[in-house]
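Based on the sequences and whatever the hints tell you, model everything.
2 protein chains.
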Amino acid sequence: MKRHIYDCQAGCPVESTLQIIAGKWKSVILYHLFVDHNCHFSDLERKIKDCSHRMLAIQLAELEHDQVIAKIPTNTANRPIYVLTEFGKTLKPVITAMATWGDYYNAHMTKEAQQLDTNEDKKSKLDMPLPKPNLL
Amino acid sequence: MKRHIYDCQAGCPVESTLQIIAGKWKSVILYHLFVDHNCHFSDLERKIKDCSHRMLAIQLAELEHDQVIAKIPTNTANRPIYVLTEFGKTLKPVITAMATWGDYYNAHMTKEAQQLDTNEDKKSKLDMPLPKPNLL
DNA sequence: CTGAATCCCTTAAGATACTG
DNA sequence: CAGTATCTTAAGGGATTCAG
Numbered sequence: 020m021k022r023h024i025y026d027c028q029a030g031c032p033v034e035s036t037l038q039i040i041a042g043k044w045k046s047v048i049l050y051h052l053f054v055d056h057n058c059h060f061s062d063l064e065r066k067i068k069d070c071s072h073r074m075l076a077i078q079l080a081e082l083e084h085d086q087v088i089a090k091i092p093t094n095t096a097n098r099p100i101y102v103l104t105e106f107g108k109t110l111k112p113v114i115t116a117m118a119t120w121g122d123y124y125n126a127h128m129t130k131e132a133q134q135l136d137t138n139e140d141k142k143s144k145l146d147m148p149l150p151k152p153n154l155l
Numbered sequence: 020m021k022r023h024i025y026d027c028q029a030g031c032p033v034e035s036t037l038q039i040i041a042g043k044w045k046s047v048i049l050y051h052l053f054v055d056h057n058c059h060f061s062d063l064e065r066k067i068k069d070c071s072h073r074m075l076a077i078q079l080a081e082l083e084h085d086q087v088i089a090k091i092p093t094n095t096a097n098r099p100i101y102v103l104t105e106f107g108k109t110l111k112p113v114i115t116a117m118a119t120w121g122d123y124y125n126a127h128m129t130k131e132a133q134q135l136d137t138n139e140d141k142k143s144k145l146d147m148p149l150p151k152p153n154l155l
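Chains as they are written, first to last, in the numbering used here: chain L, 20 to 155; chain P, 20 to 155.
Rather than coming from a laboratory, the hints here were simulated on the basis of the structure.
A portion of the hints provided could be inaccurate.
Identical chains blur together in the list; that is why a pair holds if it fits in one copy or across any two.
Derived BS3-like pairs: lysine-lysine, alpha-carbon spacing no greater than 25 Å straight-line [claimed, not checked]: (1) K43 - K108; (2) K43 - K68; (3) K90 - K43; (4) K43 - K111; (5) K66 - K90; (6) K111 - K68; (7) K111 - K90; (8) K66 - K111.
The structure is reproduced here in structure tokens:
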């Protein structure tokens with residue numbers, strides 16, 4: 020796997036966090052688990068449409084290995100549910116901050132897209148500063 | 020570059036955030052800019068030792084393209100400083116949450132490493148729940 | 001010092017098929 | 001349904017060189 024690319028000893032706490040959540044879909048998976056608390060594999064597959072079956076399995080396995088999530092067997096054979104561990108729950112502020120910013124960003128981008136004539140006055144009314152609408 | 024892999028319209032705000040900060044070193048760069056406010060290329064190179072010259076240039080270019088940071092010319096020719104834009108500054112809660120968690124995690128891991136006999140009682144005294152010390 | 005360009009190897013990740 | 005395995009292609013990323 021070779022995921023431990025960051026030098027956590029170097030004093031940058033952000034690198035330590037990335038060690039755990041830097042996977043392409045990990046923070047998205049965690050977001051959905053914070054919303055839904057427990058999900059089957061297929062639930063996540065449906066929620067995260069751009070993540071392939073294979074990738075979802077890999078990301079879940081890594082999160083489980085890092086003890087961020089746990090796989091809990093159910094009476095329905097071979098259909099476990101995924102839940103956040105106590106450790107995983109400590110990541111809530113991180114995921115929440117990301118979700119909050121994303122909502123903010125989406126709202127801003129929607130507004131930008133609507134007002135085609137974006138002059139300075141109108142821009143100043145937006146709640147998020149700046150970025151020009153050529154981004155998406 | 021093909022970085023717009025996330026479906027921001029699908030209603031997952033975390034994916035929108037990843038669109039901007041998912042680069043391998045972007046959040047680390049932003050962290051250092053939040054701490055130091057403005058840096059030369061070589062400052063960042065020194066702070067982020069595991070990020071190669073080439074990668075740093077690429078990540079900075081993408082952040083600049085996304086208008087998260089800006090390159091400001093100085094009187095010293097060809098030696099601009101990098102600063103956060105107003106838009107980039109809105110990411111502060113996200114980066115701060117990551118940094119806070121990373122500090123927390125590092126402190127926990129240090130404690131775990133120190134107490135070799137980790138029985139349940141001692142574990143319960145840690146401020147972060149769980150993960151076994153076999154992780155790093 | 002910056003930063004773009006080239007070369008070249010490694011890793012990521014989609015598609016598909018297969019197993020319990 | 002959940003998960004693994006293989007095969008293949010594209011992207012990532014280091015080392016080095018070159019230019020402003």
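Evaluated hints:
1. Proximity of K43 and K108 under a CA criterion of 25 Å is satisfied in both settings, with 19 Å inside one chain copy and 24 Å between copies.
2. Taking CA atoms no more than 25 Å apart as the test, K43 paired with K68 passes in both settings, with 13 Å inside one copy and 23 Å between copies.
3. Proximity of K90 to K43 under the C-alpha cut-off of 25 Å is restricted to the intra-copy arrangement: shortest distance 20 Å within a copy versus 28 Å between copies.
4. When the C-alpha separation of K43 and K111 is checked against a cutoff of 25 Å, the pair qualifies both within a copy, at 18 Å, and between copies, at 21 Å.
5. For a Cα distance limit of 25 Å, the shortest separation of K66 from K90 inside one copy, 18 Å, qualifies, whereas the shortest one across copies, 38 Å, does not.
6. In this assembly of identical chains, the alpha carbons of K111 and K68 lie at most 25 Å apart only when taken from the same copy (23 Å versus 29 Å across copies).
7. For the homomeric pair K111 and K90, the shortest alpha-carbon distance inside one copy (19 Å) is at most 25 Å, but the shortest distance between copies (33 Å) is not.
8. In the homo-oligomer, the alpha carbons of K66 and K111 lie at most 25 Å apart inside one protomer (19 Å), although the nearest pairing across protomers, at 28 Å, exceeds that limit.
Of the numbered hints stated above, none is contradicted by the structure.
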